[in-house]
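For the protein sequence lines, the chains are R and P, in the order given.
For the first sequence, this note's numbering gives the first residue as 9, with consecutive numbering after it.
For the second sequence, this note's numbering gives the first residue as 36, with consecutive numbering after it.
Because the hints were derived from the structure by calculation, they are not lab data.
From a predicted model like this one, the values you see are computed outputs, not experimental measurements.
Honestly, I wouldn't trust all of these hints.
What the hints assert, rightly or not - Okay, derived cross-link-like pairs now, BS3-like style, lysine-lysine, Cα gap no bigger than 27 Å in a straight line:
| # | chain 1 | residue 1 | chain 2 | residue 2 |
| --- | --- | --- | --- | --- |
| 1 | R | LYS50 | R | LYS65 |
| 2 | P | LYS103 | P | LYS113 |
| 3 | R | LYS108 | P | LYS59 |
| 4 | P | LYS113 | R | LYS23 |
| 5 | R | LYS50 | P | LYS103 |
| 6 | R | LYS79 | P | LYS113 |
| 7 | R | LYS13 | R | LYS66 |
| 8 | R | LYS66 | R | LYS79 |
| 9 | R | LYS66 | R | LYS23 |
| 10 | R | LYS50 | R | LYS108 |
| 11 | R | LYS23 | R | LYS79 |
| 12 | R | LYS23 | R | LYS76 |
| 13 | R | LYS76 | R | LYS50 |
| 14 | P | LYS103 | P | LYS59 |
| 15 | R | LYS76 | R | LYS66 |
| 16 | P | LYS59 | R | LYS65 |
| 17 | R | LYS79 | R | LYS65 |
| 18 | P | LYS113 | R | LYS50 |
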Amino acid sequence: QQQVKQSPQSLIVQKGGISIINCAYENTAFDYFPWYQQFPGKGPALLIAIRPDVSEKKEGRFTISFNKSAKQFSLHIMDSQPGDSATYFCAAIPYSSASKIIFGSGTRLSIRP
Amino acid sequence: DAGVIQSPRHEVTEMGQEVTLRCKPISGHDYLFWYRQTMMRGLELLIYFNNNVPIDDSGMPEDRFSAKMPNASFSTLKIQPSEPRDSAVYFCASSTSGAPYNEQFFGPGTRLTVL
């Protein structure tokens with residue numbers, strides 16, 4: 009049972025373009041929604057996160073958009089750079105078990121120069 | 036801080052052998068997590084500890100898998116006997132109570148190949 013559904017599975021974007029990765033969830037008990045970035049041969053690392061009481065959070069070129077009523081959230085990478093090429097995981101954390109991260113299936117992003 | 040340390044980085048073994056993966060969490064962190072990553076199943080939480088005590092092992096696939104945390108600075112994940120379907124990258128992560136968004140810090144992983 010996939011509690012957090014992520015799409016697309018892979019994405020190719022030209023340098024300077026906007027990369028968009030989408031996620032959806034069913035469980036309304038989720039309280040935090042982090043995004044993790046993973047480079048080849050490395051472990052995932054926290055990139056940006058949002059609580060459901062806000063609709064958008066921006067950190068530099070990375071923005072999370074959150075739609076609580078639709079139970080959807082997305083990551084936007086503005087002015088995508090080759091160094092952004094990595095696998096991105098959306099995730100959700102239930103308030104009942106704040107340490108248990110439920111990860112999406114991941115999106116392999118490639119930025120073409 | 037050196038971050039989460041895992042060893043070995045790569046392990047190749049034959050079916051039926053015992054495999055032990057090791058993890059040293061970040062000093063001061065009181066949560067430790069073991070994950071498995073495969074192409075088919077993505078990133079799965081196997082087990083996590085709080086203050087050296089196992090809290091949730093519902094992700095451990097079967098009795099062949101066991102994990103221990105004898106002290107705050109060391110944990111092991113053991114597979115006995117190993118099978119080819121156990122081939123995956125195993126990550127250890129740690130976090131501290133009250134960290135924003137419960138950020139987990141991942142180690143570099145151990146790539147396990149069971150022949």
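Checked hints:
This hinted pair checks out: LYS50(R) and LYS65(R) have alpha carbons roughly 26 Å apart, not beyond 27 Å. Between LYS103(P) and LYS113(P) the alpha-carbon distance is near 8 Å, which keeps this suggested pair within the 27 Å criterion. Annotation: proposed proximity of LYS108(R) to LYS59(P) holds, straight-line Cα distance about 20 Å (limit 27 Å). For a cut-off of 27 Å, the pair hint linking LYS113(P) to LYS23(R) is broken: about 44 Å separates their Cα positions.
Proposed proximity of LYS50(R) and LYS103(P) is supported: the alpha carbons are some 24 Å apart, at most 27 Å. Of the pairs offered as hints, the one joining LYS79(R) and LYS113(P) is violated, with about 38 Å between alpha carbons and a cut-off of 27 Å exceeded. At roughly 22 Å between alpha-carbon atoms, LYS13(R) and LYS66(R) fall within 27 Å of each other, so this suggested pair holds. Using a Cα cut-off of 27 Å, the hinted pair LYS66(R) and LYS79(R) holds, with the two alpha carbons roughly 19 Å apart.
Taken as a hint, the LYS66(R) and LYS23(R) pair is honoured in the structure, with Cα atoms around 20 Å apart against an allowance of 27 Å. Proximity of LYS50(R) to LYS108(R) is assessed by CA-CA distance (about 21 Å); at most 27 Å being required, the pair is judged to hold. Between LYS23(R) and LYS79(R) the CA atoms are separated by roughly 30 Å; this puts the pair beyond 27 Å, and the hint is violated. The straight-line distance between the Cα atoms of LYS23(R) and LYS76(R) is roughly 31 Å, outside the 27 Å bound, and the hint therefore fails.
For the suggested pair LYS76(R) and LYS50(R), the alpha carbons sit about 32 Å apart, so the restraint of at most 27 Å is broken. Restraint check for LYS103(P) and LYS59(P): the C-alpha separation of about 12 Å stays at or below 27 Å, so the hint holds. About 17 Å separates the Cα atoms of LYS76(R) and LYS66(R), which keeps this hinted pair within 27 Å; it holds. For the hint pairing LYS59(P) with LYS65(R), the CA-to-CA distance comes to about 33 Å; that exceeds 27 Å, so the pair is violated.
As the CA atoms of LYS79(R) and LYS65(R) are separated by approximately 16 Å, the hinted pair is consistent with the 27 Å bound. Taken as a hint, the LYS113(P) and LYS50(R) pair is honoured in the structure, with Cα atoms around 22 Å apart against an allowance of 27 Å.
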